[in-house]
Amino acid sequence: MYVLIAGGGKIGANLARSLLRAGQEVTLIEQRRDRFERLEDEFEHVVVNGDATELFVLERAGIQRPPSIVIAATGDDEDNIVICQLAREKYGVEKVIARVNDPRNQVHFDLLGVSPTVCATSSIMALIEHEVPEHGLVHLLELPKENVEIVEVMIPPDADCAGRTIDRLDLPDGSRLISVKRDGQFEIADDETTLQPGDQVLAILPPGKEDELRRVLLAT
Amino acid sequence: MKAIVIGCGRVGSSVAHELRREGWDVVAIDEKEEALSRLGESWDGGFVVGHGMDSSVLRRAGIEDADAVVVSTDGDNTNIVVGQVVQKRFGIECVVVRLLDPARAGFYSEQGMRTVCPTSNAIEVLTEAARSCAVPQRAAS
Chain A
1 MYVLIAGGGK
11 IGANLARSLL
21 RAGQEVTLIE
31 QRRDRFERLE
41 DEFEHVVVNG
51 DATELFVLER
61 AGIQRPPSIV
71 IAATGDDEDN
81 IVICQLAREK
91 YGVEKVIARV
101 NDPRNQVHFD
111 LLGVSPTVCA
121 TSSIMALIEH
131 EVPEHGLVHL
141 LELPKENVEI
151 VEVMIPPDAD
161 CAGRTIDRLD
171 LPDGSRLISV
181 KRDGQFEIAD
191 DETTLQPGDQ
201 VLAILPPGKE
211 DELRRVLLAT
Chain B
1001 MKAIVIGCGR
1011 VGSSVAHELR
1021 REGWDVVAID
1031 EKEEALSRLG
1041 ESWDGGFVVG
1051 HGMDSSVLRR
1061 AGIEDADAVV
1071 VSTDGDNTNI
1081 VVGQVVQKRF
1091 GIECVVVRLL
1101 DPARAGFYSE
1111 QGMRTVCPTS
1121 NAIEVLTEAA
1131 RSCAVPQRAA
1141 S
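Protein sequences, first through last, are from chains A and B. One point on numbering: in the working numbering, the residue at position 197 of the first sequence is 197, and numbering is uninterrupted. Quick note: to get the working numbering, add 1000 to the position in the second sequence (first position is 1).
Watch out, some of these pointers could steer you wrong.
What the hints assert, rightly or not - Selected chain A positions facing chain B (Cβ under 8 Å, derived; list incomplete):
hint: 1; residue: 53
hint: 2; residue: 54
hint: 3; residue: 55
hint: 4; residue: 57
hint: 5; residue: 78
hint: 6; residue: 79
hint: 7; residue: 81
hint: 8; residue: 86
hint: 9; residue: 89
hint: 10; residue: 90
hint: 11; residue: 105
hint: 12; residue: 108
hint: 13; residue: 111
hint: 14; residue: 204
Rather than coming from a laboratory, the hints here were simulated on the basis of the structure. We treat Cβ as the ideally placed atom computed from N, Cα and C, and that holds for glycine.
Turn these sequences into a full structure, and let the hints steer you where they fit.
Quick look at the structure:
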């Protein structure tokens, strides 16, 4: 596998290090001269100095081969969007991953079809939700291409659904309860499983059906 | 007719003035408040402080009923992204984007973006100017 990484900050450099250790071929592009020199001491010919949104820099880094995947990991969201667009549309790179620095820019990545994306702030927010649930429903995993997501729901005390088996619940179309964790014990859910207050339930559902699922599982 | 000019530097402010003079309703947007001074005291169009990537700033400038948008901040990649967002999210057909890098300008205009590349223009003009003053000198000797 040949991986092209744009941006040699903490994320880009550590990705390069991990991929090289795993025996993959990597090229890392870094714009800042001081940072480039430090990276060159460690990575030698793997690092290229230049602006990864300049076509000739990308070409010098081997984008025309093309790489199996391009990672846009710079600290600038506009740069990351342009890098992914150039990689895909101009050079026929099939897979890209973009870093989102400012979560408010996520909508622009989505609008312009740059995906998948990784945003540290959003990931930490999701973890906070997971640790300290506020709305009773936590997003654990989103697979936009497959049009499904996995969420976790804590069944509240006095929930209407408590004491009922799963086959008696009016779950939203296309959704399913996967598992129930009760008193630290994890169990795959089936039609016969009876829900109880305090259960942590994992559900798979199409995006947009969260409110319906909340109504079924959280109503008291 | 209403125009929004995003990025009010030397170029943006002059475009804003030119359109205003022709009777357009013009709102300029810039990250820095100081950019307003570029428009001068006589400026009677609108001015909004904020970043072009921020849709609430664009809305405050009245993007939803704009007929034309000129994107001319000092960052090529910002202009590329803002230009696409304005076109796709707000459905503005006439979006003109200033790009300094001829390579990116070439690619994005192939993709259907209306780009203006002052660098390419300068290259043409300078080359032509060099050609035209070289020829008579040689003829004279």
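Against the structure, the hints:
1. 53: holds (5 Å)
2. 54: It holds, given that the least Cβ distance between residue 54(A) and chain B is near 7 Å, below 8 Å.
3. 55: holds (4 Å)
4. 57: Violated: closest Cβ of chain B sits about 10 Å from residue 57(A), beyond 8 Å.
5. 78: holds (4 Å)
6. 79: holds (5 Å)
7. 81: holds (5 Å)
8. 86: holds (7 Å)
9. 89: Holds, because the Cβ-Cβ distance from residue 89(A) to chain B comes to roughly 7 Å (cut-off 8 Å).
10. 90: holds (6 Å)
11. 105: holds (6 Å)
12. 108: holds (6 Å)
13. 111: holds (6 Å)
14. 204: Status violated, d = 30 Å.
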